Amino acid sequence: MRFLLHLCYLFFLLYAPLTFGSTPSVDDILQKADEVRNPSQSYSMKVRVLRGEAKEFTSSFEVFIQGNQKTLIRTLEPTRDRGRNLLMLGEEMWAFIPNLNRSVRVSLSQKLTGEAANGDLSRMRWSGDYSAVIEKQGAEQWTLLLTARKKGLTYERIRIWVDKDTFHPKKAEFLTLSDQVLKRATYENYSILAGKMRPTLMRIQDALRTDAVSWIQVDEMKTKKFPESLFNQNSLK
Amino acid sequence: MKFLSFILIFGCFLYWMCPHQGKVFASEARPSLELGFQGAKNKNQFTRALSYVQPALKYSSELGPEDAPVIWETYLKNRLWYDPKNPSQSTDWSVRSLSTGLTHSHWKITLGFQEIPWGETFGPPILDIVNPRDFRDSLLLDPSWVRLPTASANAMYFFEKTTLQVVLTPKSRYPLLPTPGSSYDLSTDHAGVLLQDERSLTPVSWGQGTEFGGRISTLFDNGIDLGFLYYKHLSRNPTYRLLLPAQSGIGSNNAAQATALLIPEILPVQTIGNTLSYAFNDFVLRQDTALNLQQPLQNHVRSVEQVDKGTQLLSVIGLDWTSQRNLSLGAQIQIEYDDSELIHRFLDWASLRASYPLWENRLILNLFLYKGINNPDTWVQPEITLNITDAFSISLRADIVHGSEDPNQGYLWLVEDQSRIFTWMKAEF
Chain R
1 MRFLLHLCYL FFLLYAPLTF GSTPSVDDIL QKADEVRNPS QSYSMKVRVL RGEAKEFTSS
61 FEVFIQGNQK TLIRTLEPTR DRGRNLLMLG EEMWAFIPNL NRSVRVSLSQ KLTGEAANGD
121 LSRMRWSGDY SAVIEKQGAE QWTLLLTARK KGLTYERIRI WVDKDTFHPK KAEFLTLSDQ
181 VLKRATYENY SILAGKMRPT LMRIQDALRT DAVSWIQVDE MKTKKFPESL FNQNSLK
Chain P
1 MKFLSFILIF GCFLYWMCPH QGKVFASEAR PSLELGFQGA KNKNQFTRAL SYVQPALKYS
61 SELGPEDAPV IWETYLKNRL WYDPKNPSQS TDWSVRSLST GLTHSHWKIT LGFQEIPWGE
121 TFGPPILDIV NPRDFRDSLL LDPSWVRLPT ASANAMYFFE KTTLQVVLTP KSRYPLLPTP
181 GSSYDLSTDH AGVLLQDERS LTPVSWGQGT EFGGRISTLF DNGIDLGFLY YKHLSRNPTY
241 RLLLPAQSGI GSNNAAQATA LLIPEILPVQ TIGNTLSYAF NDFVLRQDTA LNLQQPLQNH
301 VRSVEQVDKG TQLLSVIGLD WTSQRNLSLG AQIQIEYDDS ELIHRFLDWA SLRASYPLWE
361 NRLILNLFLY KGINNPDTWV QPEITLNITD AFSISLRADI VHGSEDPNQG YLWLVEDQSR
421 IFTWMKAEF
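Those protein sequences? They're chains R and P, same order as listed.
Following our numbering, the numbering of the first sequence begins with 1 at its first residue and continues without gaps.
Following our numbering, the numbering of the second sequence begins with 1 at its first residue and continues without gaps.
Keep in mind that the hints were calculated from the coordinates and are not lab data.
All values reported here derive from a predicted model rather than from experimental measurement.
Treat each hint with caution, since some may be false.
Said to hold, decoys possible - With beta-carbon atoms standing in for the labels, derived distance ranges:
1. R/Glu35 <-> P/Val380: 51 to 59 Å
2. R/Lys150 <-> P/Ala398: 40 to 48 Å
3. P/Lys161 <-> R/Ala139: 28 to 36 Å
4. P/Gln89 <-> R/Thr186: 53 to 61 Å
Glycine is no exception: its CB is placed at the ideal position from the N, C-alpha and C atoms.
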């Protein structure tokens, strides 16, 4: 009996910190928050971009993501922009221009549509791109401050709020280096996508022009591998 | 017909060599249709009233399993137009694309009628040499309209950040030059000279005039994308040889008839070139260089020695800037050095390009300025495009051109007096 008590005590000492009230590291939090938004290293999704509080349709895209460095965005609608595809390889970007029938190098400041920047679709992972610190810890959520590890990212700093139980990102502020808020985003309508609860709607609001609102609606998400040759500026058609 | 059979056999071969023949994991057909009208008026007359229909189909299927996907894509695009203002060719039907290809792992191979665009800069397409061009409307430079597809095999291998590309065109294709009697017919200015339609030249047969070459490009870690290329091809620049009455053998018994012939001169050329692009902050640096060996060079139309073969060096370097509001400004410098037995000339030009989309791309303002630095070439092209709906757009632009009377002083003497207003209406479905 005494032996069993000692065993239980030992078990408690060993595992209690892991099961009761242990705080995961900031990198773990970021990694798990990324896993909520990204089903795997390689996946595709169909998204719509909507404008204003009335959610007026503006455009739709097919997005192919491989790791943290390779993203191909194919424009499906509107008809006049069909084929105007974007390829991002790390911090380099190319656009396929249908009337030239070739891809041209473009700077990262080229905007996708409305308040949605290219980075909002292409940079779906924070870990790797940003280093994080826990700014605040409440009963239900962590507030993390992310700082870009490299140049060329759409946002220099991001503040995110992550749910403690589920690691669901709830909202974010996109900041300049001097901590001026550029945009605010909320992650909404969590439902099953690619086998897991994920946000299907992202609301992006300009911090200065608060009436300038865009929504990114994820309609479909598939875990998938792609040929390497898909992510090359010479085969962007 | 031979070519179609070849494509079919090639398609079957690609299908057979796939690791999972007979099993289609996913497929998608994307049909599209473009209806349009282009109208042009210069100071004297309407020169273009072209209506067209352009159906297209892209069919793609995944033949491999999810962990080793093989993508098979087929493109088909045709264009049919009618232009009552074109005196010798009022209708035209052209295959814009008829190609099939496989993408798998690190490579992509495409066979069939296709466009293979090379080059990084805008404006004069000095490295866009794989496909000949349609010069029937010499002021229309839109590549999707004037680049002529060739029946080619195009293989690309991607190794990390390096791309190796090999292109083979077994049967070369002539450029389409201005048709006799059209606004850009050079012979109309010269009494007694008749332009010979290049379609009456002996057609290139299979196996003759094979064009081939390749390109290697690398994206370096510092962001520089550098490429080198070689291509052996028929000349892409329009040049003409004057055949005098005694040589041409026509018109000698009727003084009112043309007595001399202006004959398109299309000769084999070898091109060595390089491309470069580099993006930093909101700027993109672009550069293209082409060294054309044995290039036919136009000297003077009225002279019997008007075409000479020589070495031509072309280079374009430019810088673009894009603002957060998608205002885009670009500046380029272009140089040309021609060296042959009869011709030694250096020409340079500067160009500016501005583009500003407004109201969520509903209205797009464009401006293109092209000015000779050591020659009088001038081309001003303001353009306004209104996207009335997602599918329907109207563009209105002006081409204000001025050139020298001396062909050694620039190129716009070819279109002197052709300044015009041009409209393009498009509906895409």
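Against the earlier hints, flag every one the structure doesn't satisfy and list their numbers going up.
-> 3
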